[in-house]
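Visitor: Heads up: the protein sequence lines correspond to chains W and Z, in order.
Numbering-wise (our numbering), the first sequence opens with residue 1 and increments by one.
Numbering-wise (our numbering), the second sequence opens with residue 1 and increments by one.
Please note: incorrect hints may appear among the correct ones.
Given that identical chains are not distinguished, each listed pair holds provided it fits within a single copy or across any two copies.
Said to hold, decoys possible - Computed list of lysine-lysine pairs in DSBU-like fashion (alpha-carbon distance at most 35 angstroms, straight line):
hint, residue 1, residue 2
1, 235, 91
2, 294, 235
3, 255, 342
4, 91, 294
5, 342, 142
6, 326, 235
Please keep in mind that the hints were generated in silico from the structure rather than gathered at the bench.
There are 2 protein chains.
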Amino acid sequence: MAKEGADMTEETQFMIDTNPGKEPEHVESSGDAKEMRAVVLAGFGGLNKLRVTKKAMPEPHDGEVKIRVKACGLNFLDLMVRQGSIDNPPKLPIVPGFECSGIVESVGENTAGFEIGDRVMAFVNYNAWAEVVCTPADFVYKMPEEMSFAEAAAFSLNFVAAYMMLFEVANLREGMSVLVHSAGGGVGQAVAQLCSTVPNVTVFGIASCSKHAAIRDSVTHLFDRNVDYMQEVQKISPEGVDIVLDCLCGENTAKGLTLLRPLGTYILYGASNMVTGETKSFFSFAKSWWQVEKVNPIKLYEENKVIAGFSLLNLLFKHGKCNLVKSVMDKLLCLFDQKKIKPVVDSLWALEEVKEAMQRIHDRGNVGKLILDVEKSPTPLMASDSTETSEAGEEEEEPEGDNDSKERMPFIH
Amino acid sequence: MAKEGADMTEETQFMIDTNPGKEPEHVESSGDAKEMRAVVLAGFGGLNKLRVTKKAMPEPHDGEVKIRVKACGLNFLDLMVRQGSIDNPPKLPIVPGFECSGIVESVGENTAGFEIGDRVMAFVNYNAWAEVVCTPADFVYKMPEEMSFAEAAAFSLNFVAAYMMLFEVANLREGMSVLVHSAGGGVGQAVAQLCSTVPNVTVFGIASCSKHAAIRDSVTHLFDRNVDYMQEVQKISPEGVDIVLDCLCGENTAKGLTLLRPLGTYILYGASNMVTGETKSFFSFAKSWWQVEKVNPIKLYEENKVIAGFSLLNLLFKHGKCNLVKSVMDKLLCLFDQKKIKPVVDSLWALEEVKEAMQRIHDRGNVGKLILDVEKSPTPLMASDSTETSEAGEEEEEPEGDNDSKERMPFIH
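Model the full assembly from the supplied sequences, consistent with the hints where possible.
Guide: In structure tokens:
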């Protein structure tokens, strides 16, 4: 695994910055087979650090599969990467993106099981937001016939993460209760669906009021993220809950631990509270890190509680657990075939619309997954728009928040 | 549960100090049915805080079973209680002891399933080290015919704790690896036996050299507690281990977390490093508490690790999980009937020998469980002894450590 990781880094270095020219946005896919369109992150910061440009086409190394990308998943983690708010941020510039779906275009040596033309979904250690990616065959899975490319790009990360947290880390069983933050997001919706495959599981969901109508049926109890959810949960379940899934961190960690019943498990799987409207540097991340409330093991002992962290990408790309993830994916594809689970796609966006898509995640406007549809043309700007979105190369910070007037209408799936 | 707990406290207040007279050691069981012998802890501190005295006989309340005690389990936790090194130490004086076996002598109302004469083992929220105890029927279990009273007193706490940590908290499965500190102790031996019921589980045991010959066959790899076990384990298993069971706390917490492989679980189930030869007060415990290295949840997230605390007594007496514990006991009794597990008894001691027994646990001389045998007469002191063991009422601190010359020979089972 370590060797493969090193190769990927060289690959990345090779792929990017071969066309550092000015204003490459809205470049059309050319007939030149050696080039491809890709989203590039030029520096850590606001939306203006992203641009679409032409890059050299990657070719598969030994053990890799080359995929003509149809759709890519956009995750909250991508915003954290953009802001540099992650531990060990990558060396820039880089093509972001950790998951995609598409068609196998060629294969390297030692990629038994894959053939040109296969419809696949894949994890990628960066580089997913491009017309073509190469990734080790260990991270590639064949798509069911009934699954669309958009669904496949919405499936891998969210469902594998949700499944592993519920069943590998926390051992969800009949009659248990689960509290999930961001119940309307991609992982939240996957959690709700997977909980429904186990008898008599109570799901407490927390989400912005604006999403309540859309997701009310997916959970047992739904709370506004702005109310005192602890009190509400304790009213319904004075003993607390068995599993808390937290992607926010910060003050929610202490609340989550308090809400656990004995033998309950709190799982931190993200830290989206660390992303704000401001540009974040690695140093501000480090500061947030230290501000997180630390847990005394003796307190866990007194209270019979379990606290866990879960990062699927680290599991795949740092910890070498691709075989375990493969076995989980097999189980998930069974559940999909049985129509017990189905990825929820919020909206589709062209590569050139990645800024608007990120803004929508930042504003927590999505229900389910945002997808970058590589073959989609950008939707024309709304008539009310008076300016273009900020261009690459612009140096001013672009405030994230109330810039509705600049937004394109998303293509709602 | 709360009500029952309150009743127990009153009961305790009532039971003790009815005979505060001087020098009650070596009191014989009298014919008077209203009195009984019991070990009493008069103050937090050294061995001299313990004495055997006569107490008023308890009678069962509604829902309680009255047991004529045959054998009691002695645990490291009892040393912590004696020193006051636990959170919320009890109001003194108190009769220590959390588990016993014996014969049902009478039953209160609402104790369906138990009859006079039943051979039983039971958890007790203090008060176990006496000739008679009353405890709620929820904490009483019928003994298998093939089990001796000493085995039963060695069974409940160690095997239930080991089972719940391995299978409820950590989800032990085929092919996993487990590291257990104090592999020669009661819980350690139970862990080793339960691991052998799952195919292909590797057990790394850590124990004093003096125990190695006795326990070598019970574990896969055995290390001296004084060597750098981290390095040794990493040599054999560079990826680390799946489950770490730690009853020591302190620096072992950080080491245990480091040794975990991704998705692995560290479980703290005791803090015996907090007991030293010195008398401990609540304040020194509080100090130790704050000195324990705290865990940043984000670090768990980066590393995909799980940290858990497990206290069976809190689960039973504070957290109301007696039904869950009952179901675990049923599974364990099945394994006992199938001869897959068998409690390891280190030695039997008279109530009057409780100080020597505690010294043996303190010195980590035991392999398996120490039992107080209520019907046993004290073994005569060794010829080399020039003084009696310290008497009740003595105020000097008795140094724990090298007082071999005072020890009686234990009755080795």
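Visitor: A separate judgement is required for each hint: does it hold in the structure or not?
Guide: Now the hints, each set against the structure:
no. : hint      : in the structure
1   : 235 / 91  : between (48 angstroms within a copy, 33 angstroms between copies)
2   : 294 / 235 : both (27 angstroms within a copy, 31 angstroms between copies)
3   : 255 / 342 : within (31 angstroms within a copy, 42 angstroms between copies)
4   : 91 / 294  : both (29 angstroms within a copy, 31 angstroms between copies)
5   : 342 / 142 : within (16 angstroms within a copy, 49 angstroms between copies)
6   : 326 / 235 : between (40 angstroms within a copy, 28 angstroms between copies)
The structure shown violates none of the earlier numbered hints.
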